[in-house]
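Novice: For reference, the chains in residue letters:
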Amino acid sequence: MSVALEYHPFESDVIVVGAGGAGLRAAIEAAASGASVTIICKSLLGKAHTIMAEGGMAAAIGAVDSRDNWQVHFRDTMSGGKYLNNWRMAELHAKEAPAEIESLERWGAVFDRNDQGGVMQRIFGGHTYRRLVQVGDRTGLELIRTLQDKAVASKLTVFMEHTVTKILLRDGRVCGIAGYEREWGRFRVWKAPAVIVASGGIGRIYSVTSNSWEGTADGQAIALEAGAELMDMEFVQFHPTGMVWPQSVRGVLVTEAVRAEGGILTNAQGERFMERYDPKRLELSTRDVVARSIHTEVAEGRGSPHGGAFLSIAHKPAEFIKKKLPSMHDQFMEFAKVDITKEPMEVYPTTHYVMGGIRVDAETAATNVPGLYAAGEASAGLHGANRLGGNSLSDLVVFGRRAGFAAAQYALAQAPAPDPEPAQIISAEKEMLEPFALEDGENPFTVQEDLQKMMMEYVGVFRTEAQLLEARAKLQSLQERASRTRAAGSRLYNAMWHAALDVRNMVRIAGTIIESALLRKESRGAHSRVDYPDTSQELQKVNSVTRRLDGTLTVRYVERPALPAELATVLEAKDAGVPA
Amino acid sequence: MSTQAAPEDATSATTRYEGSVRDEALRAQARTGRTFTLRINRGEHGDSAGRWESYDVELAAGMVVLDAVLFVQAKHAPDLAVRWNCKAAKCGSCAAEVNGRPRLLCKTRLEDFNLAEPVLVQPMQTFVRIKDLVTDVSWNYRVNEKIIPFRARTDRPWKFYQRDVEKAQEMRQCIECFLCQDVCHVLRYSGEEKPAFFGPRFFVRAAGLDFHPMDAEDRVGQLRGEGGIGLCNITKCCTEVCPANIHITDDAIIPEKERAVDAFDDPFRGIFRRNGAPKP
Amino acid sequence: MKTTLVAHVGAPGFGRTERRDVWWLEPLWAAVGLAIFVAYSTWAALVGNNFAFGPYQSPFYSPYFKPPWWPLSASIFVLWIPLGFRLSCYYYRKAYYRAYFLSPPACAVSEPKHEYTGETGVLLRWLPVVHRWFLYLSILILIWLWVDAIRAFDFDGSFGIGVGTLVMLLNVVLLTAFTLGCHALRSLVGGNVRCFSCAPLGNARYGAWRFVTRFTGMHPWMAWFSLYSVALCDLYIRLCAMGAITDLRIV
Numbered sequence: 000m001s002v003a004l005e006y007h008p009f010e011s012d013v014i015v016v017g018a019g020g021a022g023l024r025a026a027i028e029a030a031a032s033g034a035s036v037t038i039i040c041k042s043l044l045g046k047a048h049t050i051m052a053e054g055g056m057a058a059a060i061g062a063v064d065s066r067d068n069w070q071v072h073f074r075d076t077m078s079g080g081k082y083l084n085n086w087r088m089a090e091l092h093a094k095e096a097p098a099e100i101e102s103l104e105r106w107g108a109v110f111d112r113n114d115q116g117g118v119m120q121r122i123f124g125g126h127t128y129r130r131l132v133q134v135g136d137r138t139g140l141e142l143i144r145t146l147q148d149k150a151v152a153s154k155l156t157v158f159m160e161h162t163v164t165k166i167l168l169r170d171g172r173v174c175g176i177a178g179y180e181r182e183w184g185r186f187r188v189w190k191a192p193a194v195i196v197a198s199g200g201i202g203r204i205y206s207v208t209s210n211s212w213e214g215t216a217d218g219q220a221i222a223l224e225a226g227a228e229l230m231d232m233e234f235v236q237f238h239p240t241g242m243v244w245p246q247s248v249r250g251v252l253v254t255e256a257v258r259a260e261g262g263i264l265t266n267a268q269g270e271r272f273m274e275r276y277d278p279k280r281l282e283l284s285t286r287d288v289v290a291r292s293i294h295t296e297v298a299e300g301r302g303s304p305h306g307g308a309f310l311s312i313a314h315k316p317a318e319f320i321k322k323k324l325p326s327m328h329d330q331f332m333e334f335a336k337v338d339i340t341k342e343p344m345e346v347y348p349t350t351h352y353v354m355g356g357i358r359v360d361a362e363t364a365a366t367n368v369p370g371l372y373a374a375g376e377a378s379a380g381l382h383g384a385n386r387l388g389g390n391s392l393s394d395l396v397v398f399g400r401r402a403g404f405a406a407a408q409y410a411l412a413q414a415p416a417p418d419p420e421p422a423q424i425i426s427a428e429k430e431m432l433e434p435f436a437l438e439d440g441e442n443p444f445t446v447q448e449d450l451q452k453m454m455m456e457y458v459g460v461f462r463t464e465a466q467l468l469e470a471r472a473k474l475q476s477l478q479e480r481a482s483r484t485r486a487a488g489s490r491l492y493n494a495m496w497h498a499a500l501d502v503r504n505m506v507r508i509a510g511t512i513i514e515s516a517l518l519r520k521e522s523r524g525a526h527s528r529v530d531y532p533d534t535s536q537e538l539q540k541v542n543s544v545t546r547r548l549d550g551t552l553t554v555r556y557v558e559r560p561a562l563p564a565e566l567a568t569v570l571e572a573k574d575a576g577v578p579a
Numbered sequence: 000m001s002t003q004a005a006p007e008d009a010t011s012a013t014t015r016y017e018g019s020v021r022d023e024a025l026r027a028q029a030r031t032g033r034t035f036t037l038r039i040n041r042g043e044h045g046d047s048a049g050r051w052e053s054y055d056v057e058l059a060a061g062m063v064v065l066d067a068v069l070f071v072q073a074k075h076a077p078d079l080a081v082r083w084n085c086k087a088a089k090c091g092s093c094a095a096e097v098n099g100r101p102r103l104l105c106k107t108r109l110e111d112f113n114l115a116e117p118v119l120v121q122p123m124q125t126f127v128r129i130k131d132l133v134t135d136v137s138w139n140y141r142v143n144e145k146i147i148p149f150r151a152r153t154d155r156p157w158k159f160y161q162r163d164v165e166k167a168q169e170m171r172q173c174i175e176c177f178l179c180q181d182v183c184h185v186l187r188y189s190g191e192e193k194p195a196f197f198g199p200r201f202f203v204r205a206a207g208l209d210f211h212p213m214d215a216e217d218r219v220g221q222l223r224g225e226g227g228i229g230l231c232n233i234t235k236c237c238t239e240v241c242p243a244n245i246h247i248t249d250d251a252i253i254p255e256k257e258r259a260v261d262a263f264d265d266p267f268r269g270i271f272r273r274n275g276a277p278k279p
Numbered sequence: 000m001k002t003t004l005v006a007h008v009g010a011p012g013f014g015r016t017e018r019r020d021v022w023w024l025e026p027l028w029a030a031v032g033l034a035i036f037v038a039y040s041t042w043a044a045l046v047g048n049n050f051a052f053g054p055y056q057s058p059f060y061s062p063y064f065k066p067p068w069w070p071l072s073a074s075i076f077v078l079w080i081p082l083g084f085r086l087s088c089y090y091y092r093k094a095y096y097r098a099y100f101l102s103p104p105a106c107a108v109s110e111p112k113h114e115y116t117g118e119t120g121v122l123l124r125w126l127p128v129v130h131r132w133f134l135y136l137s138i139l140i141l142i143w144l145w146v147d148a149i150r151a152f153d154f155d156g157s158f159g160i161g162v163g164t165l166v167m168l169l170n171v172v173l174l175t176a177f178t179l180g181c182h183a184l185r186s187l188v189g190g191n192v193r194c195f196s197c198a199p200l201g202n203a204r205y206g207a208w209r210f211v212t213r214f215t216g217m218h219p220w221m222a223w224f225s226l227y228s229v230a231l232c233d234l235y236i237r238l239c240a241m242g243a244i245t246d247l248r249i250v
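From first to last, the protein sequence lines stand for chains H, V and C.
Mapping to numbering that gives the first Met the number 0: the first sequence position 577 is 576, numbers consecutive.
Mapping to numbering that gives the first Met the number 0: the second sequence position 53 is 52, numbers consecutive.
Mapping to numbering that gives the first Met the number 0: the third sequence position 211 is 210, numbers consecutive.
Just so you know, the hints here were simulated from the structure itself, not pulled from any lab data.
Glycine included, C-beta positions come from ideal geometry on N, C-alpha and C.
Some clues are possibly wrong.
Quick partial rundown of chain H residues pointing at chain V, CB under 10 Å, derived from the structure [claimed, not checked]:
| hint | residue |
| --- | --- |
| 1 | Leu44 |
| 2 | Met51 |
| 3 | Val109 |
| 4 | Asn113 |
| 5 | Asp114 |
| 6 | Gln115 |
| 7 | Arg144 |
| 8 | Ala152 |
| 9 | Lys154 |
| 10 | Met159 |
| 11 | Trp212 |
| 12 | Met242 |
| 13 | Ser247 |
| 14 | Phe334 |
| 15 | Met495 |
| 16 | Trp496 |
Could you put the whole structure together from the sequences, leaning on the hints where they help?
Specialist: The structure is reproduced here in structure tokens:
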């Protein structure tokens with residue numbers, strides 16, 4: 000008891016970890032439901048990785064193409080996800096996204112408009128109709144700014160630049176969370192009966208990634224530690240078009256909107272190679288297909304000078320490009336000194352998104368740990384084996400709202416959260432300070448770099464049993480090294496210390512990816528096994544579920560619930576025949 | 000962090016380069032492998048003067064100042080503090096000053112400097128230093144909370160066109176790097192005692208809301224009062240440093256000043272308005 | 000009425016900066032450029048002669064108005080309008096705040112520590128208000144200068160073009176480009192509209208606003224070009240009238 004008092008835990012009904020699209024949307028909804036809400040985020044407010052989303056936000060509004068409706072969106076999502084999606088999530092997502100767009104507009108979002116006075120919608124890979132609500136190529140920024148303003152007006156408490164390190168449990172239920180201030184280095188404890196993990200993705204486990212430094216899998220790691228289950232971790236999306244050159248921006252995203260607006264992919268011989276891999280949908284095939292195609296072209300020696308494919312939009316008028324793709328134009332001009340209105344871009348797949356994540360209930364976003372919820376990229380289910388472009392931003396708001404609502408209901412129905420056990424707090428603080436005690440430990444930056452290179456090489460776009468076993472062995476030593484990384488200097492904004500703590504999470508989650516990838520002996524969506532190139536009908540019925548029991552990681556298959564008859568009918572409807 | 004400069008990788012990337020030649024690539028190749036000096040102004044909390052420390056950095060093709068700072072962090076000074084996120088000029092976290100000019104570290108290419116001389120990096124001067132290049136920008140968030148929030152109009156149908164949102168969309172490109180707050184001479188060097196002045200960033204935010212076709216509020220009175228927009232003497236440094244290329248002075252501050260004249264100061268406009276001209 | 004706001008700005012040590020470029024060049028250039036113009040125009044306005052030659056009329060003396068009892072130069076009845084327009088112009092304010100008030104001398108360069116009231120003080124707070132009134136008057140003057148420019152084609156009843164005609168035409172074109180870039184004008188034609196498609200004449204105002212916006216972008220350039228074109232126009236006519244140079248007839 001005395002220990003808890005010493006740390007002055009900050010009390011609220013709901014804690015939201017992460018202030019990206021999902022976290023902010025959850026916080027707004029929880030506050031609107033009458034709960035007191037605390038947001039804890041790793042960066043400054045408004046800097047979350049959501050701002051990097053460029054192309055748009057999928058919602059079957061039918062503002063541009065009236066043939067669109069939730070059934071078609073549902074079908075596209077399931078087909079893009081290679082039918083491994085949680086069908087209930089895909090259904091809710093398709094049905095609720097339009098209302099979310101409306102909410103955002105009523106909160107001040109300014110989307111591009113069409114000539115009828117409604118919102119503009121653009122086409123994207125895997126979507127049957129023009130469905131992506133957009134703001135040029137900075138849609139994510141618009142989403143974040145709108146939600147940020149709404150959150151500020153909702154009078155929430157925000158702890159900026161704080162990292163959480165442990166979910167605190169009492170009698171198997173959530174009672175709070177522990178972490179530290181990145182700026183000042185102080186240890187902190189927050190008390191609440193409900194915690195929503197909306198901490199985003201894992202991209203930083205790989206060396207070439209479009210993710211910001213924040214994508215270090217913290218949320219997945221602490222949830223796993225607290226007893227939550229992870230699902231589908233083998234499905235890591237490699238976005239087909241990341242920048243290749245110069246080195247310093249390798250991996251930075253080139254939005255799919257370039258292809259949506261008419262961009263063409265060619266190899267060093269000038270061939271439009273997508274004609275060979277997906278003659279029907281060409282550049283607008285699903286991301287897994289395009290990424291594999293580019294990878295194959297380069298591997299077979301038909302790559303561009305810096306080892307990528309050429310992506311050109313230069314056949315469109317310069318004015319059109321500057322209006323539709325302003326930040327792409329700037330990005331290439333600034334970083335590569337390439338004028339995309341005249342020259343082609345060089346692109347290569349980049350680690351972009353993890354379809355897997357914390358296993359949640361479709362309706363409430365609840366995990367198997369009472370009081371623990373997850374939403375956004377940190378959670379799993381909606382996207383199955385491959386995510387369609389534009390489905391992520393709508394995922395954030397649809398399931399962010401559901402998580403916020405459910406967590407608030409749960410928290411308000413609970414008695415006040417019990418105080419965390421002093422022993423848990425003490426051990427959380429000890430773990431947090433461990434890197435300072437390991438004076439002869441290793442530089443965490445080196446371990447991070449080695450982990451990233453290893454994952455890129457052995458658990459990348461294409462995988463084999465042998466590579467994955469090698470990865471497992473290498474991870475063992477990386478895990479050892481990660482646990483012995485050290486920090487030097489003071490606790491004031493100490494990047495080395497932060498990196499040492501991050502890398503401990505990263506190796507844990509890398510392990511779940513490797514183990515799940517070993518388990519799934521088929522190729523499906525983003526998971527391509529060279530030794531099992533076919534898609535197995537049997538394995539369509541199961542999800543891989545990872546759990547940590549007494550310090551050991553276990554992976555097993557869990558059967559998916561059967562598709563109800565009415566949704567099966569939707570899937571089989573006439574225009575479902577998109578080639579797989 | 001994978002983004003540290005890796006000279007050997009960069010070299011292999013450029014030696015593989017064949018075929019149609021681009022000048023830029025050749026120039027970069029010629030420069031790759033050279034060493035230059037990065038001088039970083041370091042210090043602990045509240046130390047506004049700081050101390051200059053020099054580091055040798057190996058130049059890689061296309062290297063930006065943030066790469067160089069992260070190189071120093073990884074190889075020479077692991078406790079060097081720098082704030083960054085996306086490294087693609089989209090989040091606005093890595094605002095600092097390079098050779099005295101407020102800039103995003105991730106968007107400042109080293110090839111644009113004379114590398115025979117040291118390149119100077121210091122934190123934003125308007126805010127109190129937390130450590131090294133990291134400053135306490137929380138004041139901005141407190142200002143933001145004061146701005147009258149968006150309120151949707153309900154008196155007309157939700158129907159408007161691209162031309163109606165152009166002005167608001169320009170304002171909404173802001174990535175909140177706070178470089179404009181840093182360079183603004185009203186705020187610069189003010190330390191912990193900030194004047195009653197919202198600063199360019201929040202004039203931009205207010206203008207973005209005031210030019211929203213469906214917003215029911217008006218912030219012009221607020222800007223003229225607690226916002227202190229009259230303190231701005233339109234010397235345009237904010238516009239010069241904006242990495243999102245927002246015409247802060249021309250498109251946000253001056254229009255708001257003009258709206259203030261309409262609403263409060265111009266007696267002729269007052270007569271027109273009483274004659275039925277629509278109130279914004 | 001609003002109260003004066005006071006901020007404490009600047010840093011110990013004027014000119015403190017880590018900038019490595021020649022930051023003082025721009026304010027110096029502006030200070031000298033403005034000073035030369037002011038010196039020349041004051042003299043040219045006060046001498047009261049040599050302001051017309053053939054069909055040409057110096058812009059400093061147009062429209063020409065001089066009651067018989069007035070002992071000084073006629074230009075005084077006109078010049079206060081363009082003078083006031085430029086003194087209250089958003090761009091010129093920037094230029095002289097930087098060049099003469101050193102507030103700030105250049106971006107990220109410190110000014111001396113002092114109490115600062117920006118444009119909230121007794122006098123400066125009225126600049127945006129009077130600027131639009133000067134705009135209305137300047138538009139009248141501009142129309143008059145167009146009439147002068149057209150008259151410059153009239154060589155005693157027959158059409159002709161001299162170098163002076165082109166000088167006068169160029170001058171009035173630059174003055175028009177400068178006036179069209181005025182921020183107050185931009186606000187009046189459409190800048191103050193929150194929703195074009197909801198406002199009366201919305202489409203026309205949107206078009207006008209877009210049109211004026213193009214000139215706003217070049218307002219700083221036009222401020223300098225038109226400033227010097229006025230002076231050079233006067234100088235050309237003056238030199239012709241003095242017989243120092245000969246006006247060449249082109250047509």
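Novice: All the hints need checking, so say for each whether the structure fits it.
Specialist: Status of the hints after comparison with the structure:
1. Leu44: This interface hint holds because 6 Å falls under the 10 Å limit.
2. Met51: Given a least distance of 6 Å, the restraint on H:Met51 holds.
3. Val109: With Cβ-Cβ at 5 Å, under 10 Å, it holds.
4. Asn113: holds, 8 Å
5. Asp114: Constraint on H:Asp114 satisfied, holds at 7 Å.
6. Gln115: holds, 8 Å
7. Arg144: Status holds, d = 6 Å.
8. Ala152: Hint on H:Ala152: holds, closest Cβ of chain V at ~4 Å, below 10 Å.
9. Lys154: holds, 9 Å
10. Met159: With Cβ-Cβ at 7 Å, under 10 Å, it holds.
11. Trp212: holds, 6 Å
12. Met242: holds, 9 Å
13. Ser247: This hint holds: H:Ser247 lies near chain V, its Cβ roughly 5 Å from the closest one there, short of 10 Å.
14. Phe334: holds, 7 Å
15. Met495: Holds. Min distance 4 Å.
16. Trp496: For H:Trp496, the interface hint holds, since the closest Cβ of chain V sits about 8 Å away, which is under 10 Å.
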